[in-house]
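**Q** Position chain B against the provided structure of chain A, taking the given hints into account.
Those protein sequences? They're chains A and B, same order as listed.
Okay, so the first sequence: first residue is 11 according to the numbering used here, each after it adds one.
Okay, so the second sequence: first residue is 179 according to the numbering used here, each after it adds one.
Hint data in this document are derived by calculation from the structure and do not stem from the laboratory.
The model shown is predicted, which means the values in this text are computed figures rather than measured ones.
Each residue gets a CB set at the ideal place from its N, CA and C atoms; glycine is no exception.
Please note that a few of the clues may not be correct.
Stated by the list, open to error - Below, a sample of chain B positions facing chain A; criterion: calculated Cβ distance under 7 Å:
| id | residue |
| --- | --- |
| 1 | T249 |
| 2 | D254 |
| 3 | F268 |
| 4 | E275 |
| 5 | N276 |
| 6 | A344 |
| 7 | F348 |
| 8 | T349 |
| 9 | K351 |
| 10 | L357 |
| 11 | P375 |
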Amino acid sequence: MLQLNPPKKVYDVCIIGSGAGGGTAAKVLTEGGLNVVMLEAGPRLDPDKDFKEHVWPFQLPHRGVGVGGRQQGIGNEFMAPNGFWEIEGEPYTTAPGSSFRWFRSRIEGGRTNHWGRIALRFGPADFRAHSTDGMGDDWPITYEELQPYYDKVESYIGVFGSKENIVNAPDGVFMPPPKPRCTEILVKKACDRLNITCIPSRLAILTKPLNDRDPCHYCAQCGRGCKSASNFSSSQVMIPPAMATGRLTMIANAMAREIVLGEGGKVEAVSYIDKNTRDEQRVYAKAVVVAASACESARLLLNSRSASFPNGLANASGVVGRNLTDSVGSDLAGYFPQLEKMPAHNHDGVGGMHMYMPWWRFGQKNEFLRGYHIEFGGGRDMPGVGGFEYVCQEHEGYGISLKQKCRSTYGTFIGFSGRGEMIPNENCYCELDPDVKDKWGIPVLRFHWQWSDNELKMAADMQRTFRSIIETAGGTVIAGTRRHPQKSAAGASNALEQPSARISVGGAIIHELGTIRMGTDPKTSALNSNCQAHDVRNLFVADAAPFVTNPDKNPTLTIMALSWRTSEYLLNQAKKGEL
Amino acid sequence: MPADPLSRRTILKSLSICAVAGSVLRVIPLQAAEYAHHIIETEKADSKSAGYAPKFFDAHQYKTLQALCETILPADADSGGAIEGGAPEFIDLLTSENAEYQAKLAGGLKWLDSTCTARHGNAYLDCTQQQQNEILDLIAYRKSAVQDESLSEAVEFFSFLRNFTADGFFTSKIGIKYLGYVGNTYLVAFPGCPRVPEL
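With the rest of the complex left out, here is chain A (with noise of 0.2 Å):
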């Protein structure tokens, strides 16, 4: 059967997943010369017709809260198509005590469409975690090696910050910074009084033009996508310049299921169901890049079997879903008087904060290991539905007192958020469930999850810095979050006595990673210092799936770095004919 057909295609790469892995790889290798295909389960994107930029809540019949109010936080109606929690006739499923969210993104550009921005380094320390204070592993790779990496992406995606000099929290390729708000300079002066570090944020956003692309013009919005580029993405920064070379060919609405072992232990293709037909396909390669996102990359590897690999493909260590992380997370928020008092004024900025608190303990011995960022934000924001909640609370009655109630009392919220770090434990990972199948038929993910006390007793600590720092910034603690004030019925430090009321949900920062995770010694990690699989060289992981830990810097610029790394690597071996 098979001679009958014609000779079938072969493409150098197939890339799995378009966003901040797969679509630097994408660029990288096309640019190097190869021929890519790019397997993507959603569809592909349209800035023009898919953000919402500049939309007011009263050109949307639902104010952007969607139908029933039900569209509220990451999934409104004006965020960037983005993904969500749950996907119809694709569900995962947690095991019995265990709570884990999965927020997934299927559309080109992947969550970079719509992430924080966020563009941290790693430190030193974070690469050397069990050299550092016994706990977890060390990465097969240094700060040092990564470096030039880090230095590569900033250049070219554009980040803003201020150079530091701050330990285990490396300064990058910096545009300056924008100035402060309001309410950051109120929360900076807090901390300087605290000896709490503020400093200048550091974002994927552009203060100068950069490639073609126009600076951002502070409206507030990168959440909801930006036409003109001005933030990254992956669908508007990566994917594009890859097209440009000709050498990029992009199947959308591909939901991959299972990579194919070839001859000699090697891969040769990869399945797929074609969502629009629902027919099974299949793309050859000479190599395979997965950056499928760290839990949708560990599935695929997972059901991939074969006689070669019965526990999945490049899993003979077990390793593969194992060591699954996410930052730990706590919020407190505050109300400040003596904002009441600011001048009507723009107060949009960048989409994100202007400042943010690396974390300032490092090397002191603390109740817990590693440590944790703070970001904030709040004020004059753009008003929303959910915003006056507090306010009607505390005022109650109803008429033009409350009116101006809501007018004095707007803009005087700031919200704080910790994200630490978490230490993997043999308790949080996933596995295929043995029952469930999705509706292409794929076996789904089943979650395993249990926070650790070191991270309950990091989630108190950020309780309790939040608190100081709403205090000495003359502002009184609330319940609820800045865009969702609430009045505290409970009272808040009634939380302090139990930390478990205020971390996350395992996977709710969407920080989730350290699936297929790198190592030099085969038994315990399923990758080598070039995140190419131990047992199959021409297999390769490109998201946050190789990470060894999971330190509070928002993984996505490592994500990068790291594909970037892997990236030029891969070229080398194909020039030299080792695939």
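**A** Here is chain B on its own, set in the frame of chain A:
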């Protein structure tokens, strides 16, 4: 539809051609994006319809809802009130799609009318201003429910409606202007803070 031959579609079409021709990046030049944005805004303003047919509430309920919304956030010297801000339409639309909201609001309106009828022989709308204020003063504060537990659902209803009205009014054009939000625009540089706040 605007008579202007330079329609939104034409502009956007030419923009995407520019973007493809001028750059490998999928970028719309800033000035052009800004221009297109203003055209869209004008189009939307033009197409705004005058009448509104409620989707969930019957005529009597909707009139009562409008009266309550306007009482919660009335017109004053600085701006129009909740009705001009479109709060009742917003509440009706979302309620028509949400069973939980339906139970809360329909139940609350029913309680209001039956309580008014029992006390004054009239539905809420037909009560005197003083009678209306009296009943609202009873349900607009949590302390009433503490004093008389049978009022707790009515207090919860009013609290829900107050919050819903605030959501609707303060996300309207006039509500946003009333608050003094001055962003959602195009700036060349971010100006920073006009007056540094004290600790």
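**Q** Hint by hint, note whether the structure agrees.
**A** Status of each hint after checking the structure:
{"no.": "1", "hint": "T249", "verdict": "holds, 6 Å"}
{"no.": "2", "hint": "D254", "verdict": "holds, 5 Å"}
{"no.": "3", "hint": "F268", "verdict": "holds, 6 Å"}
{"no.": "4", "hint": "E275", "verdict": "holds, 4 Å"}
{"no.": "5", "hint": "N276", "verdict": "holds, 4 Å"}
{"no.": "6", "hint": "A344", "verdict": "holds, 4 Å"}
{"no.": "7", "hint": "F348", "verdict": "holds, 5 Å"}
{"no.": "8", "hint": "T349", "verdict": "holds, 4 Å"}
{"no.": "9", "hint": "K351", "verdict": "holds, 5 Å"}
{"no.": "10", "hint": "L357", "verdict": "holds, 5 Å"}
{"no.": "11", "hint": "P375", "verdict": "holds, 5 Å"}
Violated hints for the displayed structure: none, as all numbered hints are satisfied.
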